[in-house]
Amino acid sequence: MEANEPLTSAKQLLDPHLHKKIRIKTVTKSSVVIRSTLIILALLTVYAFFSFDYKQLDVGEAALSTFANLKAMFLEPHLEHFTFTHALYQVFVTLGLAFLTTLFGAIIALFLGLLAAENLTNKRVSSVIKGFVAFIRAVPTVLWVLIFAVAAGLGSVAAVIGMTFHSVSYLVKAYSESFEELDNGVIEALQASGANWWQIIFQAVIPSSLTYLISWTFLRFEINFAVAIAMGAAAGAGGIGFDMFMASSFYLDIREIGAITFFVLAIAILLEMAAIRFKKKLKVNGQ
Numbered sequence: 000m001e002a003n004e005p006l007t008s009a010k011q012l013l014d015p016h017l018h019k020k021i022r023i024k025t026v027t028k029s030s031v032v033i034r035s036t037l038i039i040l041a042l043l044t045v046y047a048f049f050s051f052d053y054k055q056l057d058v059g060e061a062a063l064s065t066f067a068n069l070k071a072m073f074l075e076p077h078l079e080h081f082t083f084t085h086a087l088y089q090v091f092v093t094l095g096l097a098f099l100t101t102l103f104g105a106i107i108a109l110f111l112g113l114l115a116a117e118n119l120t121n122k123r124v125s126s127v128i129k130g131f132v133a134f135i136r137a138v139p140t141v142l143w144v145l146i147f148a149v150a151a152g153l154g155s156v157a158a159v160i161g162m163t164f165h166s167v168s169y170l171v172k173a174y175s176e177s178f179e180e181l182d183n184g185v186i187e188a189l190q191a192s193g194a195n196w197w198q199i200i201f202q203a204v205i206p207s208s209l210t211y212l213i214s215w216t217f218l219r220f221e222i223n224f225a226v227a228i229a230m231g232a233a234a235g236a237g238g239i240g241f242d243m244f245m246a247s248s249f250y251l252d253i254r255e256i257g258a259i260t261f262f263v264l265a266i267a268i269l270l271e272m273a274a275i276r277f278k279k280k281l282k283v284n285g286q
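Mapping to numbering that gives the first Met the number 0: the sequence shown position 217 is 216, numbers consecutive.
Hints are computed from structural coordinates only; laboratory data are not their basis.
In this text, a Cβ means the ideal position worked out from N, Cα and C, and glycines have one as well.
Do not take every clue at face value.
To be verified - Heads up, simulated DSSO-like pairs for lysine-lysine below, C-alpha to C-alpha not over 27 Å straight-line:
| id | residue 1 | residue 2 |
| --- | --- | --- |
| 1 | K172 | K280 |
| 2 | K122 | K172 |
| 3 | K172 | K278 |
| 4 | K172 | K279 |
| 5 | K129 | K172 |
As the list claims (entries may be wrong) - Derived DEER-like restraints, expressed as beta-carbon distance ranges:
| id | residue 1 | residue 2 | range |
| --- | --- | --- | --- |
| 6 | G193 | I33 | 47 to 53 Å |
| 7 | R276 | S207 | 19 to 25 Å |
| 8 | K28 | S192 | 47 to 53 Å |
| 9 | I38 | A188 | 50 to 56 Å |
| 10 | K28 | F83 | 56 to 62 Å |
| 11 | M272 | K28 | 44 to 50 Å |
| 12 | N121 | F49 | 52 to 58 Å |
Build the full structure now, drawing on both the sequences and the hints.
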């Protein structure tokens, strides 16, 4: 019987039905921290709901009022204080802000991304640039706009500078990671053939990463469009965001807010469709 014991254990390992009964639970430090954090957040959320000072607020009535406002906003939209032509013009203003910030950010981020890629430059330079842009990304865009507004004043100038500042930090990370995916053997082969740094960049790095660069740039353009709407309301940058701010805070017209929201949603869908079509066309030409 003792000789058959190793065979029995081998059968248990090979038999899938017997193998399912064996459960191996690995508890690591990271899993314990994640679970503990989730449990603490859940307990704090429950405690917060019970400890809030509602000041005799009827939660049920407030929820019904909220649903009524949403119904009026999205099911009964209308434009009263400005025309459709004016709204279309303001959307183009917002698109202009998003386009300028994306263009300036992409040009600056392209050079910084090349210097931030570890396979194209010194590791110390790469670490300094990545650390700097990580700090910029950690600060919200609206704060950068308000910081630059101290010097330039509230308006489109501060919005463009602040949004460009944040776009550069976002695109540097995206571009540098795309450049780092290039096979080092290609770079070594070009270096062995006598190619200098700029020849390597324009003959190997950028052509191989062009699809990723355009994809990340389009994604940032869509983000900047949404941010430009918020900056129109928060920083006086103009555009459709300022009209939404006027409709919500000055005119107190919920239905007009709904109309502007649908207008912005339509433009966002058109941008996404244009980006998808352009990417498909780029892939076909690349093949």
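Going through the hints against the structure:
1. K172 to K280: holds, 26 Å
2. K122 to K172: holds, 15 Å
3. K172 to K278: holds, 21 Å
4. K172 to K279: holds, 24 Å
5. K129 to K172: Roughly 7 Å between the alpha carbons, so the hint for K129 and K172 holds.
6. G193 to I33: 47 to 53 Å: Holds - the Cβ-Cβ distance for G193 and I33, about 51 Å, lies within 47 to 53 Å.
7. R276 to S207: 19 to 25 Å: About 23 Å separates the Cβ atoms of R276 and S207, which means 19 to 25 Å holds.
8. K28 to S192: 47 to 53 Å: holds, 48 Å
9. I38 to A188: 50 to 56 Å: holds, 53 Å
10. K28 to F83: 56 to 62 Å: holds, 59 Å
11. M272 to K28: 44 to 50 Å: Holds, at about 46 Å.
12. N121 to F49: 52 to 58 Å: holds, 56 Å
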